[in-house]
Structures are given as structure tokens and as C-alpha cells.
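Enquirer: Next come the chains, spelled out residue by residue.
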Amino acid sequence: MHTIVCIKQVPNVKEVKWDPVTGSLIRKGIPSIINPNDRNAIEAALQLREKHGGELTVLSMGPSQVEEALREALAMGADKAVQLTDKEFAGSDTWATSYTLGLAIQNIGGWDLILCGKEAMDGMTAQVGPQIAEFLKIPQLTYAISLEVADGKVRIKQKLGKVQRVLETSLPALVTVEREINEPRIAPMDSIMEAYEKEIPVWTPEDLSGEAERFGLEGSPTRLRKVFSPKVLKGNVQMLPGGPKEAAVELIRVLKEKYIL
Amino acid sequence: MAASIDINEYRGCWVFVEQSHGKPARVSLELLGKGKELAQKLGVDLTAIVVGDSLGSLPQELIAYGAEKVLVAEDPVLKEYRTEPYADVIGAAVIDRKPEVLIVGATPIGRDLAPRLSFRLNAGCTADCTGLDIDQENRLFVSTRPAFGGNVVATIICPNHRPQMATVRPGVMPLPEKATARRGEVVSLKVQIKEQDMQVKILESAEAASEGVAIEEAERVVCVGMGGADQETFAIIKELADLLNAEVAATRMAVEAGWLTHDSQVGQTGKTIRPDLYVACGISGAVQHTAGMTGSKLVVAINKDSRAEIFNYADYGIVGDLRKVLPAIIEELKTLRG
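The listed protein sequences derive, respectively, from chains R and S. Quick note: to get my numbering, add 4 to the position in the first sequence (first position is 1). Quick note: to get my numbering, add 1256 to the position in the second sequence (first position is 1).
Worth flagging that the hints you see were computed from the coordinates, not collected in a lab. Only a predicted model underlies this, so the values are computations on that prediction, with no experimental measurement involved. Ideal Cβ positions, reconstructed from N, Cα and C, are used throughout, including at glycine. Please note that the accuracy of each hint is not assured.
List time: in silico SDA-like cross-link candidates among lysine to any residue, alpha-carbon distance up to 25 Å [to be verified]:
id: 1; chain 1: R; residue 1: K260; chain 2: S; residue 2: G1514
id: 2; chain 1: S; residue 1: K1279; chain 2: S; residue 2: P1364
id: 3; chain 1: R; residue 1: K166; chain 2: S; residue 2: G1514
id: 4; chain 1: R; residue 1: K141; chain 2: S; residue 2: R1353
id: 5; chain 1: R; residue 1: K161; chain 2: S; residue 2: A1462
id: 6; chain 1: S; residue 1: K1560; chain 2: S; residue 2: P1583
id: 7; chain 1: S; residue 1: K1553; chain 2: R; residue 2: M243
id: 8; chain 1: S; residue 1: K1590; chain 2: S; residue 2: V1575
id: 9; chain 1: R; residue 1: K249; chain 2: S; residue 2: S1562
id: 10; chain 1: S; residue 1: K1560; chain 2: R; residue 2: G246
Partial list, computed: chain S residues near chain R (C-beta under 7 Å) [claimed, not checked]:
id: 11; residue: P1371
id: 12; residue: A1410
id: 13; residue: A1584
Start from the sequences, fold in the hints, and give me the full structure.
Expert: Here it is as C-alpha cells:
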């Protein structure tokens, strides 16, 4: 069985700092990581390979530093990696990203299962998985909290809000995974060294049989019109003075006055 | 892949109505309210499209909430949500009738369906929007969503593709008024999908048992941040919530620290809520959190740091230690209740 895992390199948002004056993101020096959900997808693919044998390829599109993310995935145990890096890919929205990843998946060929994280922690759109599935014309099983493959079929437990479902379909298929599905392994030191010796092909639009005008910003239906800081501060707080007792008495009085109590 | 299209052939504003057993999702009704406003700005009808089986009086209910036309696809194969048949039915209707706007609730179902449809329709889809509007000068649908971790907001347009799609976060738009006197047209869509052709089978489906009321539906919410995320304080917060008849929610940090599940998380990566009363306990007020609570009617913030950002979002603030302030409030509440 051949599984392809699509991964995204994201800024480690937990360490992101904001400029207190401008309110904008300080991007300088922010470490990049493999998107956490995608790490779960890699782990799920590794577990499938341990059980059923076969091959695991990781695929990522982004600037040249996505190589680091792919090396880490190789160190976790992926067999092969493919990188999509070119200035023509820059500015892709989810549509153009899915188009490009879909073409690359077709190019890799011979796969049975595509795994993606449910969503990336930076954009949080959760769109690329379903859009790749549509490009490839295969079923999508989203929000997996468990995953099994047997007899050419894939079965997941799906967390659909308050409802949990068990879904099954024949391979080939695309599955998006939740954080709960597993605990991703940490790449051992010796395999990190080995991972640096592997060749990672870098594909550009010339390697893909797509239409040039569908890549990158040009191929993106959505356009950013403007970015601004939301100023929704109420800014008219009334502080309740005194010690805990006085403040509590005053709060109760206020809540009664507002008919909350 | 579609070739370039004539965008002027596309007219009309559609809302996909998600339903379960004939009952509409609240967010779909919220979108009918917003959709009506968009449709008026565009000078077109508001159309609801609803998919399921044996939907009963639901189409009439959608008219009462503001839809001028309801497209109904009913068939046993559509009883429970599945990506393939739903995308097939809605995709075919869109290709046939060419709406310029299609909006979908950003629920788990909406977030599964909308991207699949948007790719098929060669359409741009903005995910998890918090605002929708029409640029009347350019006849463009303008959607707004938090970006770069939520401290900035981006407005997004789709100038050259149709329909213009968006998913919208539940709880962001107010629920419109229901007026049963409204009249509208109900159109049945032909469904020619057979169960044996369905690639995905649902083997089991069960509603997870949940405790209490979902926080997005609660009228009162007591929310815990890292300042209240220790065993003793959390117990006091729960007692306060019980006395207030409120649900307990948490910030992302408090959820990640294991105090509540993600279902109870308020903020950009959690839920957007607009309760009558919101009590922030030990919450610093990072914008990622406040993005989910600014629609609350009355906000009370308690924090030991008088400079905490949360006070900028509060109506009433108390500076102090939660372990002293909350027991004092609890005592007053108990006295009040006798």
C-alpha cells in the first residue's frame, strides 16, 4: 500500500509575538514547524505501513525552507519526500494549492490513500483536504479519530461535531485526521542524520502537467482586499472598587439592576 | 475545469440550510437573516437550498425566516449527510441556476461540503467568516475573516469566479425574526442518485452524550482562563457557574491544560458565543480569545492584573485574586437566594 501525506510548514503560533503598538505579527525569528494535525497524519501513515507494509511519501508545497519539514517527516520514518517550490506557486489560495498538490499526487502515481491533517493551525480553513479529494475525484473521509485499512477498504471513526460516525469506502480515498487520532512519534536522532542524506526532488510547474494560469496568485479565485486591525474594544469598563466583599456586593447589585439576577 | 465564465450570468443569493431530522441548524437561520440583507443590496431573491429526506414543514419554516425561494432535494439517499450526494445535488443546482453568492455555515458539515463544492465549481470560498457584505459599486461579495492568528482581520473578494462562496462561523450573525405570514416559493429538485452508487457507507452514527447545554446556546457563561486553571479555583468557578445557572467555558490555554474539552473553548480556534452574561475569570484577554466573546451582552471580568486586556472588553471589572473574589460573590449569591 502506498500512502501520500500532504503536509504544511507553519509558523509556531504559540511562540508568535505581537507588536504592542501596531498590533501586527512579529514574524522575525519565529520557528517553523510541521503543522500539528499533519504530524498526526504522518503518524497514522507510519502505523498503517507498520501493519500492512508498503510505502509512505510526504508532499509539501511552500518556500524553499519547507525542505526542513520534509526532512523531519523523513526522519519520522517516511520513505520519500517531494517538494513543490517555485515563485509561480507563491500566493496560492486553497484552490490553487489543492490544484497544485493534486497534480503532484497524480505525478507521483501508484498511491492508494491520501492523508492530510484536518486543518492548518495558521489559516485554519480545513479546505485543502476536501479540495484535493475533489481534484482527484475520490471520496473524502474527514475528521478521523481512528483509521483502519483492510481488504482494499478504509474505515474511519469520524468526529462530526456532536455526532460520531463510522464511515467506510473503497480505496483510493482521502482521509483528514484530528489531533485525537494518535500521539505522533518524535524523530530519533540517528534517523535525523539519515534523513539529511536522502534526495528530495523539487518540482516546479514544468514538472506538473497543469495549466500555467491556475498556479499561484493568478490561479487563486480568492483575493485579499485589505488587512486591518479590528478595533472592537468596548473600553468603557466600570471597575468595582473595594475589597472582594465590597466588589461582590456591588456586582450583585448591578446584576439585579440589569435583570440578570 | 471551467473555462472563463460570464459573471453577469450569475444572479441570486443562496444559503445552504443544514438540517438534522428536519430541524434546521441554528447557523443556517442566522445566515438567512444575513443573506436577506445581502440579497436586498444585490436586488435579488434570497434562496434557501435544503437537502435531506422527509423534510416536512421545513421549507415553510425557512420562508418564515426570510427565504423567498426554497430549493428542496428530498430522497432516502440524502437522509444523513454525506459529502458525495450532497455535493452532487447542490453542485448540479448551482450549475443549472447560477447564483452569484452561496453561503454555508462553518459547522463540521459545512466545512466538509463547501470546499468540495468550491473546487468542483471553480469558485473561491472564504472559510470561517465573521462578516459578510456587498460592495454595491462593483457588485462584489466581500467576506471578512480573522487572519494571521486572529490579531488582524482580512477582507477577501472573488472578482472573477462565480458563485462567490463563504462559510460563516456559527453565532456571529444574529438570528432573524420568524414571521409566519411571509410567502415564498418552494421548488422540488429532481434527485437521481442511487444508494448502490454511493462510494461512502455510514456504518454507525451516534450522538455523543454531552453534559449540560452547549456553550454557544447558553444564556450565561462563566469562562476560565489560565489565571483560574488550578484545581481549587476551578472548583470555585464551577460552583459560581451552578449558582448563576451558567455553563463553564474556557480559553484555548485552559483547554490545552486539560481543564475542559475543545467543545467548551471560546475564541478564534474555538466557538463564538453571544450570551446575556459572560464572566471572565483569570482571562488575560488575548485577541484570539476575545474574538469569540465580543458579542456578549454583559461582560464581567475578574483578574488580579489591573492592566489585563480583558478589562477593555468588559462592562464591569474587579481586580483581585479569584480565590478571594469568587467566594465573596458566591456568598452574596447564596444570601440572595436565601
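Enquirer: Could you run down the list of hints and mark each one as holding or not?
Expert: Hints, verified against the model:
1. R:K260 - S:G1514: Violated, at about 34 Å.
2. S:K1279 - S:P1364: Satisfied, since the Cα-Cα distance of roughly 17 Å is no more than 25 Å.
3. R:K166 - S:G1514: With Cα atoms ~19 Å apart, R:K166 and S:G1514 stay inside 25 Å; holds.
4. R:K141 - S:R1353: holds (23 Å)
5. R:K161 - S:A1462: holds (11 Å)
6. S:K1560 - S:P1583: holds (15 Å)
7. S:K1553 - R:M243: holds (17 Å)
8. S:K1590 - S:V1575: With a Cα-Cα distance of about 22 Å, the restraint between S:K1590 and S:V1575 holds, given a limit of 25 Å.
9. R:K249 - S:S1562: holds (18 Å)
10. S:K1560 - R:G246: holds (13 Å)
11. P1371: Given a least distance of 4 Å, the restraint on S:P1371 holds.
12. A1410: holds (5 Å)
13. A1584: holds (4 Å)
Consistency with the previously given hints fails for number 1 only.
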